[in-house]
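Generate coordinates for the entire structure from the input sequences, incorporating the hints supplied.
Chains R and B are the protein sequences, given in the same order.
Our numbering runs 27 ahead of the 1-based position in the first sequence.
Our numbering runs 423 ahead of the 1-based position in the second sequence.
Worth flagging that the hints you see were computed from the coordinates, not collected in a lab.
Any given hint could be a false lead.
[Claimed, not checked] To give an idea of the chain B side of the interface with chain R (calculated C-beta under 7 Å), a few residues:
#: 1; residue: R426
#: 2; residue: L428
#: 3; residue: N430
#: 4; residue: K444
#: 5; residue: S448
#: 6; residue: A491
#: 7; residue: A492
#: 8; residue: N493
Built from N, CA and C at the ideal position, the CB exists for glycine as well.
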Amino acid sequence: MMRPRRLRMIMACMAVLLAGPFASGDEIPLAARKSGSEFMSRQTQDMQNDDTSNPAMLWVLEGETLWSKPAGTANKSCSSCHRDAATSMKGVAASYPAFDETSSKVINLEQRINLCRTEQQKASPLAYESRDLLALTAYLARQSKGMPIEAKDDSRTRPFREAGEKLYSERVGQLNLSCAQCHTDNWGQKLGSALLPQAHPTAYPLYRLEWQTVGSLQRRLRNCMIGMRAEPYAYGDQEFVNLELYLMWRARGMTMEAPGVRP
Amino acid sequence: MARALVNVPANARRGDIIEIKALISHPMESGFRVGTNGKIIQRDIIQTFTCTYNGEEVFKAKYSPAIAANPFISFSTRATDSGEIVLAWRGDNGFEAVETKQITVE
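In structure tokens:
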């Protein structure tokens with residue numbers, strides 16, 4: 028309850044600092060990229076890396092149960108069509124958001140799961156940040172652990188990625204900050220007690236100790252936007268999906284470590 | 424829904440020190456927080472954790488409201504005989520979760 032308020036105050040100070048000629052606008056060289064986990068304490072790294080102490084594994088376990096549970100009026104389970112997730116879903120989370128032919132848009136993994144819920148299972152879509160959707164997403168993300176992020180770059184996805192890049196570099200909100208000012212120009216610096224990470228989406232969904240629960244990448248992005256005193260987009264908005272795609276592209280080739288743990 | 428992730432070695436040599444690790448899904452609501460309606464959110468915590476080894480209690484912990492959600496615990500005990508290791512969490516609102524693991528000791 029107290030931390031976001033403190034973060035907002037600190038961000039206000041940052042805004043003053045960043046109003047100066049600090050912003051360089053140059054992207055981080057590929058070889059200099061670091062996952063957020065490299066900025067964490069040893070203890071938090073250990074918690075993430077040991078399956079028996081990583082609390083997000085509770086969600087993975089639940090996702091595994093849901094995977095083979097029939098749902099909807101079609102009374103079909105995910106596994107009845109996709110069989111063993113270890114094979115069929117390997118690498119899938121590492122390549123989302125991806126282009127969806129039907130809607131001619133880029134969609135994220137949560138939206139892809141909900142498409143199968145509504146179209147295939149004939150069930151109601153799961154709400155964003157609901158336990159079931161996070162559990163299924165965590166279970167799928169887990170099947171990509173250790174694999175490189177593969178953000179597609181083709182003529183269909185490019186406009187969405189470019190829109191995401193624009194959102195990333197534009198100043199917004201009452202503090203007039205951009206994502207890039209913190210995460211590209213000033214990563215590694217301290218913002219109060221937090222180290223500014225490079226904002227790579229390598230570990231989502233993840234267990235955040237501050238939340239005491241698992242949350243999606245969009246929940247994390249909402250936190251940053253609230254800190255910038257900008258109006259956060261609603262869950263599932265195309266702006267958020269575009270941002271996700273841009274972040275994945277920025278992190279292309281980096282190793283998936285979901286489900287992660289963050290402070 | 425109570426869910427636990429328990430790690431007990433399936434095999435050990437007699438006399439070995441074995442490590443037991445367990446993670447449980449629980450909100451650990453402290454009873455000190457105020458909800459959006461301005462009212463105190465009722466306390467809902469795990470009060471005790473016990474581990475029995477072939478019926479004998481080998482480890483016990485008392486939990487307090489200051490412990491975070493989804494608590495993780497790890498401790499060690501000595502492998503004596505083959506049999507059952509039972510982990511049990513009990514708490515507010517009749518909360519109870521029990522996990523049983525088999526161990527083979529040679």
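Okay, the hints, checked on the actual structure:
1. R426: Holds: closest Cβ of chain R sits about 5 Å from B/R426, inside 7 Å.
2. L428: Holds: closest Cβ of chain R sits about 6 Å from B/L428, inside 7 Å.
3. N430: At 4 Å from the nearest chain R Cβ, B/N430 passes the 7 Å test, so the hint holds.
4. K444: holds, 4 Å
5. S448: Given a least distance of 5 Å, the restraint on B/S448 holds.
6. A491: The hint holds - B/A491 has a Cβ within 7 Å of chain R, the shortest such distance being about 6 Å.
7. A492: holds, 4 Å
8. N493: Cβ of B/N493 sits 4 Å from chain R, so the hint holds.
Going down the numbered hints, you'll see the structure goes against none, and every one checks out.
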